[in-house]
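2 protein chains.
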Amino acid sequence: MKLYHSPASPYVRKVMAVAIEAGLDGKIERINAAVSPVAADAAVSASNPLGKVPTLVTDDGLALYDSPVICEYLDSLGKGAKTFPAGGAARWLALQQQALGDGLLDAAILWRYESVLRPKELQWSKWSDGQMLKIDGSLAAIEAAVPGFGSRVDIGTITCGCALGYLDFRFADKDWRKGHPKAAAWFAKFDERPSMKATRPIDPNAKK
Amino acid sequence: MKLYHSPASPYVRKVMAVAIEAGLDGKIERINAAVSPVAADAAVSASNPLGKVPTLVTDDGLALYDSPVICEYLDSLGKGAKTFPAGGAARWLALQQQALGDGLLDAAILWRYESVLRPKELQWSKWSDGQMLKIDGSLAAIEAAVPGFGSRVDIGTITCGCALGYLDFRFADKDWRKGHPKAAAWFAKFDERPSMKATRPIDPNAKK
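If you read the protein sequences in the order shown, they are chains V and H. The end of the first sequence is residue 208 by my numbering, with every number in the run present. The end of the second sequence is residue 208 by my numbering, with every number in the run present.
Isolated chain V (complex conformation) (with noise of 0.2 Å):
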């Protein structure tokens, strides 16, 4: 399998905790693509017309997208715990928590592209404001999740985990831990998992 990968992708970093508690992390082609709204990369659009990372090309050579569809599939071939619940209760729980987590990280992503990438004079603060919103709704509603997380790996938790990452690697001066004390223990103890420890942000960018 081949996979369009960036390091400072949340979204790929799913994909990987996905596939590492998968035991396929081994069996996963990484191919380095920078991709943007405003700059798409002719490899990654030739498999995925909307030009976004993570994309997965399966040994069939059917591409697959977005994450949610991406880790179902690797989570269906790896022979370990499951991800994703069968069905049932537990299993609408955790595609729920996987969408607040994704939903927490569009908004942060759409709050960066308007702060980072779009030309200052052209910056919307009422729009920034719109996806801080958003953010900080989804915060409050994965501290109030954490009670029930208990030590359940599946794919609301590692996607939740890989959100509240997200904001210490791109919004440090957020602080998001100040008025979430649940999350932060929670996530103190998730982060250090194999799969968490092995996947973390790195700046394409950083100076080495």
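Honestly, the hints are just simulated from the structure, not real lab data. You can take every hint at face value.
No farther apart than 30 Å at their CA atoms in a straight line, the calculated lysine-lysine pairs in the DSBU-like style are these: (1) K82/H to K82/V; (2) K27/H to K189/H; (3) K126/H to K120/V; (4) K82/H to K27/H; (5) K174/H to K120/H; (6) K82/H to K2/H; (7) K79/H to K82/V; (8) K2/H to K27/H; (9) K178/V to K189/V; (10) K197/H to K178/H; (11) K174/V to K120/V; (12) K79/V to K2/V; (13) K27/V to K197/V; (14) K174/H to K197/H; (15) K27/V to K189/V; (16) K82/H to K182/H; (17) K126/V to K120/H; (18) K126/V to K126/H; (19) K79/V to K82/H; (20) K79/H to K2/H; (21) K120/H to K120/V.
Facing chain H, a subset of chain V residues (Cβ under 7 Å, in silico): (22) V38; (23) L50; (24) L64; (25) Y65; (26) D66; (27) V69; (28) Y73; (29) W92; (30) L95; (31) Q96; (32) W124; (33) K134; (34) A141.
Positions of the beta carbon are idealized from the N, C-alpha and C atoms, including for glycine.
Place chain H on chain V using the hints.
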């Protein structure tokens, strides 16, 4: 069940089309909600911190989002033909095509936020052009996928149908049928299904 709903949202359309296919539309109480990234709706945000429609509150009180999660949940409750293939190649193809249609819609809606919601003097053509590139790439991918659609009625074809219907609704000037004859012929028939006919988009601000 309660569904936060907007008659213009293509993601709501997906959910309602799946509900109709599953024979469940009579069990869904629809609550109208007007949401935008710069104007949250308090009732929606109380259930879904991302502040988006569709949001489904189940009879157990769990708030489900986003549309792929809601659609799969409704499909699991339905007794008729399934819109989510249970597994194997059929599932991955249907989920990939759902992501394709949703991705086209995500780009179309970001394009509209840029061009309709954002003040004119803050608009960035490079951003709009980047989103239009994703729309055009997705259209080409749908055109290429149509020979495999056959008579399939699943989450992949329903989502691609909702995406094409949204282009008719909000991008009429684009004339997407030009250059996409297979998609045009397929959609002409598919859009006549009762589940598609009953869910065609309505502009809430249109003059009566």
